[in-house]
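Chemist: Assemble chain B onto chain A, guided by the hints.
Listed here are the chains, written in short residue letters.
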Amino acid sequence: MIPLLKVEDLRIDFVSQKISYPIVDQLSFQVLPGEILAVVGESGSGKSISLLSLMGLLGSELKTTGGRAFFQEEDLFQKTEKELDQIRGKEISMVFQDALTSLNPVFTVGNQMIEGMKIHMGLSKQQAKERALLLLEKVGLPDPSSVFKKYPHTLSGGMRQRVMIAMALSCKPELLIADEPTTALDVTIQAQIIQLLKELREELNMAIILITHDMGLVAELADRVLVLYAGQIVEEAKVEDLFAKPSHPYTMGLLTSIPQIQTKIQKKQEPLQSIEGNVPDTFHDIEGCRFQNRCPYKTSGCEKQQQLHQAQTNHWSRCFRYDFIQKEASL
Amino acid sequence: MNEINSPILAVSGLKKYYNNSSIRAVDDVSFTINQGETLGLVGESGCGKSTIAKLIVQLEKPSEGKILFHNQDLSTLNKEDKHKNKTKIQMIFQDPYSSLNPRKTIGDAIKDPMLYHQICEKEEVHKEILRLLDLVGLPANSMDRYPKDFSGGQRQRIGIARALSLKPELLICDEPVSALDVSIQAQILNLLKTIQKELSLSMLFIGHGLSVVHYISDRIAVMYQGKIVEEADSIALFTNPGHDYTKTLISSIPILDPTLRNIRKA
Chain A
1 MIPLLKVEDL RIDFVSQKIS YPIVDQLSFQ VLPGEILAVV GESGSGKSIS LLSLMGLLGS
61 ELKTTGGRAF FQEEDLFQKT EKELDQIRGK EISMVFQDAL TSLNPVFTVG NQMIEGMKIH
121 MGLSKQQAKE RALLLLEKVG LPDPSSVFKK YPHTLSGGMR QRVMIAMALS CKPELLIADE
181 PTTALDVTIQ AQIIQLLKEL REELNMAIIL ITHDMGLVAE LADRVLVLYA GQIVEEAKVE
241 DLFAKPSHPY TMGLLTSIPQ IQTKIQKKQE PLQSIEGNVP DTFHDIEGCR FQNRCPYKTS
301 GCEKQQQLHQ AQTNHWSRCF RYDFIQKEAS L
Chain B
1001 MNEINSPILA VSGLKKYYNN SSIRAVDDVS FTINQGETLG LVGESGCGKS TIAKLIVQLE
1061 KPSEGKILFH NQDLSTLNKE DKHKNKTKIQ MIFQDPYSSL NPRKTIGDAI KDPMLYHQIC
1121 EKEEVHKEIL RLLDLVGLPA NSMDRYPKDF SGGQRQRIGI ARALSLKPEL LICDEPVSAL
1181 DVSIQAQILN LLKTIQKELS LSMLFIGHGL SVVHYISDRI AVMYQGKIVE EADSIALFTN
1241 PGHDYTKTLI SSIPILDPTL RNIRKA
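Chains A and B, in that order, give the protein sequences.
The numbering of the first sequence is the working numbering, which starts it at 1 and goes up by one.
The numbering of the second sequence is the working numbering, which starts it at 1001 and goes up by one.
The shape of chain B in the complex, shown without the other chains:
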């Protein structure tokens, strides 16, 4: 939270309509992410949060609106600059099972994008992979193994290592822990938080569980039916929720103390 200067990402008036504007997946959304900051994005499935992620990494084209990365409009860049910028924004996906090629060793899965984007020299690649594996807490011998040899949590670590290999400035995490077991979720959340601090990364963290998003984010934006209905500091959102939908979300969080459940009912 310390290095907040100009925003690294500024989204304004973003719209994505499908089917001749009959489906408004993202409907006039604006937000900014500052350097080194984590913005959480919560909302239920179908509210458009993953579409926003896809728009930012340019897997989809916006119907309207601007996405400024370092004050540059991504959609107006020429091919070469686009290629350069692609490495700076990286994504971590929800399902670590389907996002790795089953026929590639982990070493290759990490190596190929690095060489393609000329992030490091061929001679250095081996060392760099080892450094990345170590950073995400995987043993060095993971390099020669295949995705099937790893558990869900380990695969998510691989996904993180691969995203980091391109030395990104902004990480888009689309529900990175939703598919993981509870005890593993905490490991991955801790890892993301440490890495974010160490590398002073900026992050957009998408989730549907409020407590997870709260834990990792500095600020939280609440989405409902394609719009951001509330945005606040991650603590203030809970102490002083403004929008009705936010209140519903907060009251839906199961209370972990069973003795309290009767009190809330009253």
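Chain A with its partners taken away, still in its complex shape:
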């Protein structure tokens, strides 16, 4: 199958007048049509920035300084602003974490929904309105025609997120980038949004890139997972393999630091396995493995630069002791 999106060796730098240093490097991945790819990592790991870079939406101090990105075999970085406008919002659309600040407060839901459809799909106002109502219904909002007329601030968090999703779907995108789509929501609403995204994928055969730090969400939704740490991929695997055989100490730490519901009294885990230390602000001055200072398995060899190693078929780890880590994880 031809990948829908293919990114090769992406590098993004922070550039100011005084200094510049990389914040993402050696990032390569692909997304197949209809696939849900989760990009996991903590704040500052570069997950949001990488995707914004593909859309040409980086802030002024961030620059894409290397690599190539192909969407439907066309190089995104060679496109002009005008050409990108044809892709953004139509072929590729985004759902952001905070729906309140992403929606325009001075326009009604309906107004901002039909704008994109008029531009990208050439619909008349009436046609766009009909489609908007249909989409609002599809994302499970009760009484679409009243939501259509409302302003964002009068809706609850879950409703706003559904409006965002409806808007993102309005031009039938091939690829939906969802940046922490449920982080600001309550657990019960989160479960509804997860269900909605699953159904939409089935129905529209749309690919989704899910940016998140919630391993629970990953387990529920994703087909494949990229784990990012300090600007690079540290592990890549099918979701089942990642959870069954984590092969990088960071992934393993992420999995063990989540409290699990224990239903037997004697088994209440204590203390939680946590990853010591903090995520480094910058990594360009770290020699070798970027996780080594927080890694409980640090040994000689970690001071060397780490490549991605194939741990199994379609399972990659940026730790040369991936075999050992897999064994440790299964204990």
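Simulated from the structure, these hints should not be mistaken for lab results.
Every residue, glycine too, gets a C-beta built ideally from N, C-alpha and C.
Just to be clear, a hint being listed does not mean it is correct.
[Said to hold, decoys possible] Covered by chain B, per the in silico footprint, the following chain A stretches (three or more residues, Cβ under 8 Å): (1) 188-197; (2) 241-254; (3) 303-317.
[What the hints assert, rightly or not] Pairwise CB distance ranges, derived in the manner of DEER restraints: (4) D98(A) x N1019(B): 25 to 35 Å; (5) T1248(B) x L204(A): 24 to 34 Å; (6) Q312(A) x I1255(B): 22 to 32 Å.
Modeler: Here is chain B on its own, set in the frame of chain A:
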């Protein structure tokens, strides 16, 4: 869980109405917290859990109902006793970024409340700050630095140190880990648990993530639309949930094993 005697905090018939009773943020809530015990309070945003926290630390006045701390009604205390009692109940907030004054060094942020409440002598203050920083796992040189120099997890540690500086008996934690990264959440949860044991503190732990609340609590109260709909031992709540809303909450927890997700769907 070992030192359970009479409750340290007993809340009964607590109500908080806004807007001429049209908004019932807290609607007839009763619960107790025993000495050395952690009570978890879960529910979705807007269900009134943070309002309860504010009522207990007296940032808000209840419309009705009683809050008994060591069998004393907090609202009937005179000014002097109120002042004394303020140190005994301390709060840890969700957002460690906005709860620290950016222009105060960490040392000052911890020192000022201690001196104000005359918790320790001026000569002892320096030693006491060092002890607190050590207790929450921060280096001694943090004292002279500013909040901007710290990460989210470290700031939450500062918040905890400051709350502990007043030698409280009851800690109210309002979503203390929700704003933190996953790997940092576990550090803070472990820290809270260790401190609670060491100092035999009582705790009210407010959260919306069931698994986090489950991990830290002895008992859990589930809130829905201003009311407590279920209260149970933290293990029994999961093995034998009674209320429909609790069941919904439990089924909303993402399952961490992807191979199980198809089974649940069936």
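Chemist: Going back to the hint list, which numbers does this structure go against?
Modeler: The structure conflicts with hint 3 only, although it agrees with all the remaining ones.
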